[in-house]
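Trainee: Make the full structure from the sequences, and use the hints.
Those letters in the sequence shown? Residues 6 to 563, per the numbering used here, in order.
Among the hints, erroneous ones may be present.
Unchecked claim - Derived lysine-lysine pairs resembling BS3-like cross-links, with alpha carbons at most 25 Å apart:
hint: 1; residue 1: Lys544; residue 2: Lys427
hint: 2; residue 1: Lys458; residue 2: Lys544
hint: 3; residue 1: Lys123; residue 2: Lys72
hint: 4; residue 1: Lys92; residue 2: Lys145
hint: 5; residue 1: Lys123; residue 2: Lys88
Read the hints as simulated data drawn from the structure, not as lab findings.
Source: prediction; values computed, not measured.
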Amino acid sequence: MYKRVNFVSHREWQVCLWVLLAAWVLGGLITPPLKATPQDQSSDSKMSKAEKKRQKAIQKEMETPYKKWIEEEVPYIITNEEKAAFKKLTTDDERETFIENFWERRNPNPSSPENEFKEEYYRRIAYANEHYASGIPGWKTDRGRIYIMYGPADEIDDHDSGGTYIRPPEEGGGETSTYPFEQWRYRYIDGIGTNIILEFVDPTMTGEFHLTMDPGEKDALLHVPNAGLTDMEAMGMASKADRFTRTDGMTIGTPMGALPESMEEFTRLDLYAKIFQPPEVKFKDMKAVVTSKISGTLLPFDVRTDFLRVTDESVLTPITIQIAYRDLQFQNKDGVMHSVLDIYSQLTSLGGRNVDTHEKSMVLDVPEHEFQQSLSRKAVYQYAVALHPGRYKLSLVMKDDQSGHMGSEELGLVVPHFDEDKLSNSTLILADLLQPLPTSQVGTGPFVIGGTKVRPSVTRTFSRDQNLCIYMQVYNLGQDPKTHKPSLDIQYELLKDGKPLLDQAEDPARLKEASQQFTLEKQMPLRVLQPGKYTVQIKVKDNIKNQTISPSDTFEVQ
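Mentor: Here's what the structure looks like:
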């Protein structure tokens, strides 16, 4: 046994030596020193430490609530320039001023203290969280994002259950089965165009709809041979395999005619790019913040506040004011009894910083022949403002234009913080009116919460011919890891003098609709109750988290 040894020739040794020598020379020329001089190293270390310290301080200041404001409240409408400017700010006062200016730039009516854009924006977030949640908060979904940015669609073609679908000619025609999908149509979106159609598809059947550029994505039979054929495929004039060789990003069949412009590749790409861009800022004028201190005690009125979560750091706060007709002075104008009530309110932080100023004139007109009966009525007015959790002072002034009588009240507000991990609820609202709204009115106007009109009873006083209307939102429900659905029990209790009169469970069918957020809407007739004071209590048990809440409130039947 032996091994053969191959010797290297003299010529090969010379080549190797020359290669090694060249590598050593070049390495010395282009390779930087491995170790800096002590002086340079010390200088670099000092600079990096100072910069790191500064960046760390800014990051700590940005953690709450400003980080959540920029990442969870306004991420869809803040421009890149605004975001860059905000991140350069170093003090809370600068950030507060920036946020005030941010909303003022978008105020459609700078001469008014009421920022309609801001109020509408937070209403949309609340609606999206209530209607589009699917394992993640509604505002994070594609449908929620589009709704928040552009409001309710003018038309919605709803196929939430999927099933049989007759394709339009531009998609190839023919019959197929689809996954759940929705088509939203906007007649006009500023900066984008007219007749905008957006399609959301849920191919996973989990309730997670996403915006798609491919009309063929909703086809559940797309990958099933010889099923769900288009007209041309059924006639043998095209092959289903052709759908997968298209170069325009779609998987639809070959249509009979030409594609409409809206379905051309670059048109779809342009729409998809623009639809997610922050809307252009048009209203840049700033208005001065006017503060005043006024007082009076001649005109009595009642006020209540409620709190509903929008995000973890933003709470929608409806302020409801009630005043009796009999306390106002009316003037007869051509057979109509006329009165005007001026409303002024101011919200300030504990440090005295103005948070919101609201002025409104409420006109009350009653036909002369109905005037005497109307004196038993009450005028109710409501506006809402989005607030960060914390303490505030609310100053209210009412003035009767006819008599000049004024009334004022100051009260403290403690806006709650809704913990992300803890089962919690909005204010338990006892209302005298609770009704669903048509799509055109969803999310707009006084007394509107999402898709429901809720008019709180300010004094919680009802007559026996009324219904007791209950409204409450439940937040942070746990979800089963397998079903991605919550499991909860809800019990309504009616008590008098601490003794139970009624015990009723929530409809199980409604509980199946629950997501991370659930809305309670209940109406109870009061005709069976005798005059007196009662307590309504709602027990909500989250079986996933093993947490329970039991909010309650009192009311009176007259």
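Trainee: Next, verify each hint and record whether it holds.
Mentor: How the hints compare with the structure:
no.	hint	result
1	Lys544 / Lys427	holds, 15 Å
2	Lys458 / Lys544	holds, 24 Å
3	Lys123 / Lys72	holds, 19 Å
4	Lys92 / Lys145	holds, 22 Å
5	Lys123 / Lys88	holds, 18 Å
Violated hints: none; the structure is consistent with every hint.
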